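*Asks:* The primary structure of each chain is shown beneath.
There are 2 protein chains.
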Amino acid sequence: MNTPHEGVAFLGPRASYTHQAALKAFSDSSKYDLQPQVSIEDVFKSVQSGSCARGVVPFENSTNGSVVFTLDLFADAHQRYPDILVCGEVYVDVHHCLVGHMPKEAHSAATTSALTSPHSSGHATPTAAHPSPAIPRAVPLVSLKGIKKLYSHPQAWGQCNAFLTTYFKGIERQDVSSTSRAAEIVAADTSGETAAISSEIAAQVHDLDMLAKGIEDTSDNKTRFFVLRRGNHSAQSNGDSNGGAVDTDTPAYKTLVSFTISHSDPGALADSLAVFKPYNINLTSINARPSGIASWNYIFFVEVTGRRLKEDTGAVNAALRDLEKVAREWRWLGSWENMLLPKCRPLGKIDEVS
Amino acid sequence: MNTPHEGVAFLGPRASYTHQAALKAFSDSSKYDLQPQVSIEDVFKSVQSGSCARGVVPFENSTNGSVVFTLDLFADAHQRYPDILVCGEVYVDVHHCLVGHMPKEAHSAATTSALTSPHSSGHATPTAAHPSPAIPRAVPLVSLKGIKKLYSHPQAWGQCNAFLTTYFKGIERQDVSSTSRAAEIVAADTSGETAAISSEIAAQVHDLDMLAKGIEDTSDNKTRFFVLRRGNHSAQSNGDSNGGAVDTDTPAYKTLVSFTISHSDPGALADSLAVFKPYNINLTSINARPSGIASWNYIFFVEVTGRRLKEDTGAVNAALRDLEKVAREWRWLGSWENMLLPKCRPLGKIDEVS
Chain Z
1 MNTPHEGVAF LGPRASYTHQ AALKAFSDSS KYDLQPQVSI EDVFKSVQSG
51 SCARGVVPFE NSTNGSVVFT LDLFADAHQR YPDILVCGEV YVDVHHCLVG
101 HMPKEAHSAA TTSALTSPHS SGHATPTAAH PSPAIPRAVP LVSLKGIKKL
151 YSHPQAWGQC NAFLTTYFKG IERQDVSSTS RAAEIVAADT SGETAAISSE
201 IAAQVHDLDM LAKGIEDTSD NKTRFFVLRR GNHSAQSNGD SNGGAVDTDT
251 PAYKTLVSFT ISHSDPGALA DSLAVFKPYN INLTSINARP SGIASWNYIF
301 FVEVTGRRLK EDTGAVNAAL RDLEKVAREW RWLGSWENML LPKCRPLGKI
351 DEVS
Chain W
1 MNTPHEGVAF LGPRASYTHQ AALKAFSDSS KYDLQPQVSI EDVFKSVQSG
51 SCARGVVPFE NSTNGSVVFT LDLFADAHQR YPDILVCGEV YVDVHHCLVG
101 HMPKEAHSAA TTSALTSPHS SGHATPTAAH PSPAIPRAVP LVSLKGIKKL
151 YSHPQAWGQC NAFLTTYFKG IERQDVSSTS RAAEIVAADT SGETAAISSE
201 IAAQVHDLDM LAKGIEDTSD NKTRFFVLRR GNHSAQSNGD SNGGAVDTDT
251 PAYKTLVSFT ISHSDPGALA DSLAVFKPYN INLTSINARP SGIASWNYIF
301 FVEVTGRRLK EDTGAVNAAL RDLEKVAREW RWLGSWENML LPKCRPLGKI
351 DEVS
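Chains as they are written, first to last, in UniProt numbering: chain Z, 1 to 354; chain W, 1 to 354.
No wet-lab data here; the hints were simulated from the structure.
Please read all numbers here as calculations on a predicted model, not as lab measurements.
Incorrect hints may have been included.
The list cannot tell twin chains apart, which means a pair is met if one copy fits it or any two copies do.
When the alpha-carbon atoms are kept at most 25 Å apart in a straight line, the in silico SDA-like pairs for lysine to any residue are as follows [as the list claims (entries may be wrong)]: (1) K222 <-> S295; (2) K149 <-> E172; (3) K325 <-> A294; (4) K310 <-> R321; (5) K222 <-> S262; (6) K169 <-> P154; (7) K222 <-> G292; (8) K310 <-> R331; (9) K148 <-> E172; (10) K222 <-> I293; (11) K148 <-> S39; (12) K277 <-> A318; (13) K149 <-> A188; (14) K24 <-> E303; (15) K325 <-> S285; (16) K310 <-> A252; (17) K222 <-> D265; (18) K149 <-> D175; (19) K169 <-> D76; (20) K145 <-> N64; (21) K24 <-> L341.
Hey, can you work out the whole structure from these sequences and the hints?
*Replies:* In structure tokens form, the structure reads like this:
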């Protein structure tokens, strides 16, 4: 079986959450060659150019919402990525840790003293407006006194709000391109004055100490990633060739569509969204972004249940024909298996359906 | 006329774009006391507590899209701001400048040499994926060679992409809380190795030199701000008391509504959006944010033409009665005069209508 290695581009660096998503979907290292990219756009480029067969990009976090960089690449105002299609989704649990260099005096018996440290009571200060500030889910494993600067990805601050408000009020925060990069920077600084919010895996990769674990606000903090492939949006090759499943329009699949509307036409947006209802297709998400063409004009992204078929039959195909009549422009951005359903196939097989 | 000074809270610091918006709406310093706040949430707090009669917060940029922090405060998952209503909007032209300390050797005749500087050709490097990278609208007024670090608000990077890609590829970027704060930091650093992206006003306030002007990607880059007041969302005091205009449901006004839906009900979102069409009410914007209650549940924000009236008559009131039947929960977030229409009153009078 001389299967050639297929390239999978993902938003790096190694040990990033996107890397975890890529490993979940493409676990067989004898088949896939995972290639870290510097930016989400580089992942799109790799797939569009064909240098990688698949790409993995973050799309949405359950706490922070959509990743606008990814949406703007799908919007593709400059027609650079005309052949990018979503062919799968991966959910990754996000458990943030505070990582850094263990304070020297803390290597022994630090755990108990941390809670009685004068640095923090373990509660944010109540104020008139916030009489009951959220209590962080985690307590530090060591004293955090010496830390003067934190590094992380911008999305992580919003996901660790209670912990940061309680233990790091007023401490400088430096945004970097990924939580994994944050760990890398802190690893290079042995002063002990910096710490990073990153995954446990990133801490291990960069040989950092765990200062606090599970510091995210909500225990079910998840990020959803999309698997990208190169395909053709034009009519003759529309459907995703996902084997021969019969239940084509059930919640077992999802479809992403973008469209623009005539902003002078009252009801154009509602009309565009209404095309799915007669076919009993549920709208599972909606996003709007500036069109990039005129101010206060938007491009809309809707995700619906069901999938587009190669043969022009089925509910999604019918709804998209109706969308054609009411939207100004629209684009099918892919159909894939819904991974939120308990009955779906194991994630390790996502490669086989895309 | 002993009119007391009315407090107006705005997202500071002074000389920020929000300050410009606040000055546009509340220009009479004998009537209004403009008070800078550290965060958007502090503006909400000031208005909710009654310590300020009005608040001004950024809502949306024509290039970068919505300000998610503002949306999440309107979502108000913890019921901290139950009485916040939008009562006006202000549009401010965003012209970004690169500001810093003029290089010493450049004080004379720098302008011409800048263009022939070995630092940059004035064009981003074409690549296979971007054979024609966007050409920046502005050229530097001096050599930018010595600059090793840039400061700005995260939204500004996205708005100055062509300029930054051309002249500052690979240069470190530090996110700070506002473009005005960026100018303040750079003003304190006389090494000449830092520069800020900020407004011209912020440069003047902090006595910085202009290194490049109008570096934003699109000439019509605008930010929309909301004016907030304290009001009651409950039924008995719904309408905004905007005088006695007759054209209650024309595009002369806009209304903001948030709602949640039952995610298990196919078509609930489309149904909720469809309530406006029978009354010929146009949807002018839509946003979705994580509900903050359960993963992959959203709160939706729609902005429509027309306004809610105190007397329960008119198109918007009727549509909201219909929304009540299909949405799980909904909330009226205010009605105000549409400032995008050429026929509307001068912006200086926004204070009188809210």
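*Asks:* The structure should be examined with respect to each hint, and the outcome stated for every one.
*Replies:* Going down the list of hints, with the structure as the test:
Taking the shortest alpha-carbon separations for K222 and S295, only the inter-copy value of 8 Å comes in at or below 25 Å, while the best intra-copy value is 33 Å. For the identical chains of this complex, K149 and E172 are neighbours both inside a copy (5 Å) and across copies (17 Å), given an alpha-carbon limit of 25 Å. For the identical chains of this complex, K325 and A294 are intra-copy neighbours only, at 22 Å inside a copy versus 35 Å across copies, given an alpha-carbon limit of 25 Å. When the C-alpha separation of K310 and R321 is checked against a cutoff of 25 Å, the pair qualifies only within one copy, where the shortest distance is 14 Å, while the shortest distance between copies is 42 Å.
Proximity of K222 and S262 under a CA criterion of 25 Å is satisfied inter-copy only: 21 Å between copies versus 35 Å inside one chain copy. Taking the shortest alpha-carbon separations for K169 and P154, both the intra-copy value of 16 Å and the inter-copy value of 20 Å come in at or below 25 Å. Within a single copy, K222 and G292 get their C-alpha atoms only as close as 30 Å, which misses the 25 Å cut-off; across copies the closest is 13 Å, which meets it. With identical chains, the CA atoms of K310 and R331 are at most 25 Å apart within one copy only, with a shortest distance of 15 Å there and 42 Å across copies.
In the homo-oligomer, the alpha carbons of K148 and E172 lie at most 25 Å apart both inside one protomer (7 Å) and across protomers (20 Å), since each shortest distance falls under that limit. Taking the shortest alpha-carbon separations for K222 and I293, only the inter-copy value of 14 Å comes in at or below 25 Å, while the best intra-copy value is 33 Å. Taking identical chains as interchangeable, the C-alpha atoms of K148 and S39 lie at most 25 Å apart only when they sit on different chains, with a minimum of 21 Å there against 28 Å within one chain. For the homomeric pair K277 and A318, the shortest alpha-carbon distances inside one copy (11 Å) and between copies (23 Å) are both at most 25 Å.
In this assembly of identical chains, K149 and A188 lie within 25 Å of each other by CA distance both inside one copy and across copies; the values are 14 Å within and 20 Å between. Taking the shortest alpha-carbon separations for K24 and E303, only the intra-copy value of 23 Å comes in at or below 25 Å, while the best inter-copy value is 40 Å. Within a single copy, K325 and S285 get their C-alpha atoms as close as 22 Å, and across copies as close as 21 Å, so both meet the 25 Å cut-off. Taking the shortest alpha-carbon separations for K310 and A252, only the intra-copy value of 17 Å comes in at or below 25 Å, while the best inter-copy value is 46 Å.
In this assembly of identical chains, the alpha carbons of K222 and D265 lie at most 25 Å apart only when taken from different copies (23 Å versus 38 Å within one copy). When the C-alpha separation of K149 and D175 is checked against a cutoff of 25 Å, the pair qualifies both within a copy, at 11 Å, and between copies, at 14 Å. In this assembly of identical chains, the alpha carbons of K169 and D76 lie at most 25 Å apart only when taken from different copies (22 Å versus 39 Å within one copy). Neither within a single protomer nor between protomers do K145 and N64 lie at most 25 Å apart by alpha-carbon distance, with minima of 28 Å and 38 Å respectively.
Taking the shortest Cα distances, K24 and L341 sit within 25 Å of each other inside one copy (17 Å), while across copies they are farther apart (51 Å).
Of the numbered hints given earlier, the model fails hint 20 alone.
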